[in-house]
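Peer 1: Residue numbers (the numbering used here), protein chains in the order written: chain A, 1 to 256; chain B, 1 to 398; chain C, 1 to 148.
Be aware that a few hints might be false.
Said to hold, decoys possible - Here are the computed lysine to aspartate or glutamate pairs in the EDC-like style, where the Cα-Cα straight-line distance is at most 20 Å:
no.	chain 1	residue 1	chain 2	residue 2
1	C	Lys123	A	Asp108
2	C	Lys51	A	Asp75
3	A	Lys237	B	Asp156
4	B	Lys137	B	Asp156
5	C	Lys78	A	Asp56
6	C	Lys76	A	Asp116
7	C	Lys3	A	Asp56
8	C	Lys115	A	Asp108
9	C	Lys128	A	Asp116
10	C	Lys115	A	Asp75
11	A	Lys197	C	Asp105
12	A	Lys121	A	Asp95
13	A	Lys121	A	Glu58
14	A	Lys183	B	Glu25
15	C	Lys123	A	Asp56
16	C	Lys121	A	Asp75
17	A	Lys71	C	Asp63
18	C	Lys115	A	Asp56
19	C	Lys115	A	Glu117
20	C	Lys123	A	Glu58
21	C	Lys128	A	Glu117
Simulated from the structure, these hints should not be mistaken for lab results.
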Amino acid sequence: MELEYKNKKTRRDFFKAAGIFTGGVLFATLLKPYKSLAYKLHEGETSNVWYGIGIDIEKCIGCGRCANACKNENDVPREPFYFRNWVEQYTIKNDGEVIVESPNGGIDGFTQSIPDEDIYKSFFVPKLCNHCYKSPCEQVCPVGATYRSPEGIILVDEEYCIGCRYCVQACPYGCRFIHPKKKVASKCTYCYHRVKKGLNPACMDACPTGARIFGNLRDKSGPLAEFLKEHNCHVLKPHLNTGSKLYYNGLNMEVK
Amino acid sequence: MIQEHQHLYEALSKVDGYIFPNEIELNWSILIVLYPYITGLVAGAFILASLERVFNVKALKPIYVISLLTALAFMLTATMPLISHLGHPGRFYELMITPHFSSAMAIFGFVYLWYLMVVLLLELWFDYRKDIVIWSKEKKGLLKYFYKALTLGVTDISPEAVKWDEKLGYIVTVIGIPSAFLLHGYVGFIFGSVKANPWWSSVSMPVIFLFSAMVSGIALVMFVYFAINYFRKKVVDMLCLDTIAKYLFYILIIDFTLEALDQIHRIYEAEESFEIISMLVSGKLIFTLGIMQVLLGTIVPLLALGLFQLYKPKDIVRKWTYFIVSILVLIGIFFMRWNVVIGGQLFSKSFYGFTSFKLSLIGQEGLLMAIVWIIVPFLILWALLLLFPPWKKVEVED
Amino acid sequence: MPKQLQRILLLLSILVIIFIGLRHYLIPESFGELGHYRANSLLDNEAHIPKYLGNDFCIDCHDSEASLLTIGKHSKIKCETCHGPGFKHVESNEKVDIILPSGRDFCGLCHSLNKARPINKVKQVDIKEHNIEETECINCHNPHEPWN
């Protein structure tokens with residue numbers, strides 16, 4: 001009988017103590033947001049800048065200056081395994097076979113590997129990060145090292161990335177890679193450091209034919225909005241619903 | 001500079017068709033094959049233990065504690081392949097302090113800790129508590145303090161206290177079953193939710209991973225049971241082995257059916273990625289998938305175990321068959337993980353070509369590193385069996 | 001409650017408290033202000049210096065080439081597209097800090113015959129045949145006014 005009473009007492013004491021502790025912590029959280037338990041996510045004002053990219057395949061001549069400028073501007077390793085930005089050459093033969101090539105990302109130029117008389121159709125397609133607004137790469141980052149800036153650009157926090165490579169696996173467009181020295185994820189940053197200073201991304205400036213259009217999707221009279229209005233544009237892999245903001249004019253069905 | 005990238009230049013020369021330039025090197029290598037394999041073994045071994053504890057399959061009593069200790073040994077090793085493959089292993093704690101909950105990988109830290117502490121360690125503690133208290137009084141020297149610390153200051157081993165141990169252990173096992181499903185199911189989800197990769201993206205991926213995990217865990221316990229009895233020079237309990245084999249057979253059937261269904265569905269629908277994937281399966285994966293995983297790892301064990309359901313040969317024949325089957329299944333499920341992880345990265349997301357994979361011997365993701373992480377859990381298990389020998393436990397009258 | 005359960009719950013509570021405390025110290029500042037990321041990383045990404053500066057920086061000294069460029073077929077091409085990033089050269093004014101493209105293959109990047117190049121967008125020649133005795137294209141074509 002006595003033992004039961006003693007047990008009841010210790011149990012009640014325990015619950016009392018636990019209750020006071022929990023209540024105290026909750027109260028403290030209300031008084032002063034205690035970072036360790038929860039942080040309030042600021043939705044942020046809707047930015048009036050929302051960047052996208054336009055590429056006019058009909059104008060691309062495959063000179064590779066965009067890929068080259070990107071590597072220079074962003075100190076990307078020059079080995080042919082790391083590209084933030086590259087150009088592909090599609091050659092469709094008369095028999096229907098599709099050959100795709102991107103020697104060193106197009107930086108050293110292109111040659112056709114089959115004779116001209118066998119070629120049915122051929123064209124160049126520049127590729128880069130699509131800066132998706134429903135980005136699968138941002139969704140799968142386990143620690144929050146890749147994120148979408150208020151302007152709609154997907155960036156990587158090199159100080160925080162743990163190098164797990166999940167984002168590289170999740171990108172359907174092959175835009176990401178792991179920097180061989182820094183061991184963190186790396187990709188096209190839309191030359192964020194230039195754009196914030198009012199400059200164009202390096203690849204846009206380097207293009208000799210004006211095949212690359214950079215702009216604010218929310219500026220309805222701006223170059224990108226005009227480009228989208230005048231041309232029938234497509235995104236890559238629309239069935240994956242990534243919210244890609246890289247719009248191609250003249251995209252052929254063979255381009256994946 | 002060229003030296004570091006030598007293997008990449010070689011891989012570049014071996015590209016078949018077209019790949020995106022960044023896809024030349026496989027991002028996830030043998031260590032990421034190992035991680036699902038090890039957590040699968042943990043989940044599987046635990047399910048076998050729970051069959052005895054919760055579903056009262058009495059024939060499995062001889063392997064109950066061994067299953068738990070095996071699960072613990074492998075659980076303690078499970079994080080190591082993950083952390084050692086990271087670009088910045090020192091930053092792994094970020095997963096615990098700022099987990100990005102939209103990412104399946106972020107759950108890892110908490111599910112792992114939950115399962116390790118609240119399920120495995122607790123269940124073992126409740127099961128061994130009586131013995132730990134006794135050993136803390138009997139042993140001398142350092143061991144005495146080790147066991148004393150483990151008692152957490154509770155030395156009551158009266159019949160009521162032991163009854164509480166039983167009850168609480170039972171509750172923990174019950175919680176442990178869905179926890180085991182979560183522990184390995186989320187790994188399957190990590191792959192199954194990647195819409196960019198058609199070889200991985202599948203609703204059935206978590207389920208397939210789970211059932212193949214159970215198969216591998218059961219095979220592991222069978223193998224460990226053989227090994228322990230061999231080293232202790234004891235006779236195996238044939239009823240126990242027959243029961244383990246029976247469960248192995250049933251779950252292997254389910255696993256095979258699920259995987260076959262996945263492939264049949266893929267072949268029938270033949271959507272966009274079908275051509276490149278059929279080239280993958282009939283080409284680069286023909287040995288690891290066709291022969292190692294399917295033929296040796298699934299068909300042969302199914303035939304052998306299935307035969308025993310109809311016709312039961314002598315004990316010695318069954319014993320040797322079980323031993324060989326357990327090894328075949330363990331190897332087969334390892335290759336299943338290989339085919340998923342490595343296979344999914346061999347073809348380009350452009351669906352126009354393949355890259356190649358070369359497993360190096362040394363290096364952060366080399367074969368030697370993988371062998372270390374396979375051997376370490378067995379060493380831990382050996383240490384656990386020395387510290388907590390199941391055959392020295394005091395028998396409890398039911 | 002049995003003593004073993006009390007001890008376990010106590011141990012668990014202690015571990016949780018330690019975890020919460022550690023987290024408070026380990027979370028980097030600015031984390032969570034704009035989303036699930038370190039807001040200061042935006043500043044890190046902004047901090048790189050631009051390497052391509054734009055034509056205005058070149059025209060200051062190289063006005064003769066610049067004026068040639070405005071009337072020729074290459075007028076829409078920016079200086080640094082062929083000459084590379086100018087950030088070093090603008091400071092040092094040394095020839096070594098800027099690229100002086102040479103060789104037929106460089107011009108071939110745009111002008112070599114390739115069925116993928118739209119013929120209406122760029123003039124193309126067979127680089128292996130066209131005036132092959134000349135080692136440099138610029139021997140005949142002034143790069144800033146290539147076709148007069």
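Peer 1: Of the numbered hints stated earlier in the document, which are not met by this structure?
Peer 2: Numbers 3, 6, 7, 10, 11, 16 and 17 - these are the hints that the structure violates, sorted from lowest upward.
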